[in-house]
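If you read the sequences in order, they're chains A and B. For reference, each letter of the first sequence is one residue, going 1 to 133 in this note's numbering. For reference, each letter of the second sequence is one residue, going 1001 to 1133 in this note's numbering.
The reader is advised that the hints may include incorrect statements.
One side only, chain B facing chain A, incomplete, derived with CB under 10 angstroms [said to hold, decoys possible]:
| no. | residue |
| --- | --- |
| 1 | F1112 |
| 2 | P1123 |
| 3 | A1127 |
FYI, nobody ran anything at the bench for these hints, they're computed from the structure. The structure presented is a predicted model; accordingly, all values stated were derived computationally and were not measured. Don't be surprised by glycine CBs; every beta carbon is placed ideally from N, CA and C.
There are 2 protein chains.
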Amino acid sequence: MATATEESARRFIATLEARDWDAWTSLMTTDVVYDMPQTGERLHGRDAYLEFNRTYPGEWHLDPRRVIADGDHAVVWFAWTLRGEDGEDGSGDAQAFFDFDGQGLITHVTDFWPEPYDPPTRPAGLAFVSMDD
Amino acid sequence: MATATEESARRFIATLEARDWDAWTSLMTTDVVYDMPQTGERLHGRDAYLEFNRTYPGEWHLDPRRVIADGDHAVVWFAWTLRGEDGEDGSGDAQAFFDFDGQGLITHVTDFWPEPYDPPTRPAGLAFVSMDD
């Protein structure tokens, strides 16, 4: 099952990136639940989830960085870029966690969209370097 | 290998929560790299990583929500609470991604700490509900 769930998680991102909505919706159950814990929002159902993504404003792109899967769950850590309709561009890393049913269909998606923040003051002696170094 | 990496990821959180520093450091290589993409900071080495966690201010607790692992990688999605020394308390969900070497030791940790934000304006007709409903 690990291979099937990993493949499904990869296809989830790839079909989103391709705006291949038929292929994307074929990966999930009709009553899939989509959770956004950072806003506390939840969407019920494939139709609403499709409409949410299809109408999401701006030009966005997703590029998978890491896919980890076992038989019942998977995660994709992906890089995103957005060219917003309001001229506000952005980029970053995000994570999508998936639950699967016994037929390998996605029943639940939970997204996290971490934002950059300034490093807090760190204790002296801890040799932090930049990730770019 | 999936079981071993899953167990290692679980023990990473459990030994942090227990402040069992010997057990925690035994899970990783001496030259482990710790990345925090949201601040762009990187720490090199087990000693610096231990010092970072051992001296982290406030009373913090970690509770795993989901562990997903394959042979070379794992992720833990965990809930955290912090009672800060400055009286600022907090809680949320975070994710730690792990890379493993051939001996099952952690070589790389990448943390994400997503923060809550206000829901943006959503298109009319999309029936968002609260995750608490």
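Violated hints, by number in ascending order, as checked against the structure: none
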